[in-house]
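> In the order they appear, the protein sequences are chains A and F. By the working numbering, the letter at position 77 of the first sequence is numbered 77, and the numbering carries on one by one without gaps. By the working numbering, the letter at position 197 of the second sequence is numbered 197, and the numbering carries on one by one without gaps.
Don't take every hint at face value.
[Unchecked claim] Using 25 Å as the maximum straight-line C-alpha spacing, the simulated PhoX-like pairs for lysine-lysine come out as follows:
1. A:Lys124 <-> A:Lys180
2. A:Lys180 <-> F:Lys126
3. A:Lys126 <-> F:Lys127
4. F:Lys132 <-> A:Lys180
5. A:Lys132 <-> F:Lys132
6. A:Lys124 <-> F:Lys180
7. A:Lys180 <-> F:Lys124
8. F:Lys236 <-> F:Lys180
9. A:Lys180 <-> F:Lys127
10. A:Lys132 <-> F:Lys236
11. A:Lys127 <-> F:Lys180
Hints listed in this document are in silico derivations from the structure and should not be mistaken for laboratory results.
Number of protein chains: 2
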Amino acid sequence: DIVAAAEAVLRDEALEAGRLPLAGRHVLITSGPTHEPIDPVRYIANRSSGKQGHALAAAAYAAGARVTLVSGPVDLPDPANVEVIRVQSAAEMLTAVETHLPADIAIMAAAVADWRVASEGAQKIKKDGSGKPPALQLTENPDILATVGHHDSLRPELLIGFAAETQNLIDNARSKLERKNADWIIANDVSPQTGIMGGDANTVRLVSRSGVEDWPEMSKADVARRIIARAAEALKG
Amino acid sequence: DIVAAAEAVLRDEALEAGRLPLAGRHVLITSGPTHEPIDPVRYIANRSSGKQGHALAAAAYAAGARVTLVSGPVDLPDPANVEVIRVQSAAEMLTAVETHLPADIAIMAAAVADWRVASEGAQKIKKDGSGKPPALQLTENPDILATVGHHDSLRPELLIGFAAETQNLIDNARSKLERKNADWIIANDVSPQTGIMGGDANTVRLVSRSGVEDWPEMSKADVARRIIARAAEALKG
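Using the sequences plus the hints, can you model the full thing?
Structure follows, in structure tokens:
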């Protein structure tokens, strides 16, 4: 549409004039939930909508970057001018992320399942008539943030993770920062009463080795622009 | 839009002229998947899109019926002129179905989860540091089709269930017909290679006490119209 066309012209001008802070940079972003198959028809999912991750991709492009977005199953349009790789499971997301390194900045905003089902059924699991339901044995998924954070040769200059918690937000975020060798953790409280998961607004805290910043509630688009602006400053510094 | 307006006028005329086979009838339809919560952010889901159930609701309305559609979480618009009740879990779906009886015809097209998690976590389940993933203990969900089929006083005159299977299609459908006291089972093979789950076409078999009819592949809208036409005949007969 006409707005998008006008934005593209303005961006090109800004890029040529050297006014875009992420010009020449590659930003790799993950977004959305993962779906972990149980059998051919069932899966484990989570309530992530992908809105925050997709907004980050749009903001990174607007700031001049080349952007790769690795997205789980979401009901969102692809952000314009961004390379989008669609995946289902955590294992597929890890492969896509590793394939698209190196990056100057990586922002792991997807809500990746911690666990998958240990042995995916080749056929639909049926009630066996015993009246005893099955137990789903789970196994740990690869940790994408930690894998990127501890990468031998391709760790991004700035690595940002997300922590969506319902309790002990800051403790969990600090521990995640260390264990996964991230630079920042964007922490948010996703208790159902906050309306953050699936909603358009977000209230986050930026946790780094130098402390915790509380940001006010704002739209996910504004959170995205602020993270990208801060990331661009950090690369310069 | 103008097509819908024209259809409404034609339907009103047909209704007044007594040409609509389900005039004065109440049809209750379920559609879509159910989501069974694991904790505040995770859930078990299935790949049902709700396309077949929603098409049935539209076809039943077009045939003159008053239609109630109880739908799990789907990304579909509500069918026009249909009362839509949105639910998440199998337990909520059962409550909504029981609340909206009596019905002349009930078509249980939803892919209801057989199991839910035995004890839903009040907080997001965390890795406990042991490296040992949790096992999800499941418990059986209420059986909506069987509950309606064995209802003391409000069993619909015609009760239709669906069986989505990846193997032993007809055996499973016949067994379901008996155990749940349904009149017909619409059976379809949802093995991933068929593309039926989430797709726009369907290949079904109508299993009743008098035998099995194989229907050719057709659109879900055509399957819906044919089921509704057959249901209207059965009520007359």
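> Against which earlier hints does the structure fall short, listed by number upward?
1, 3, 10
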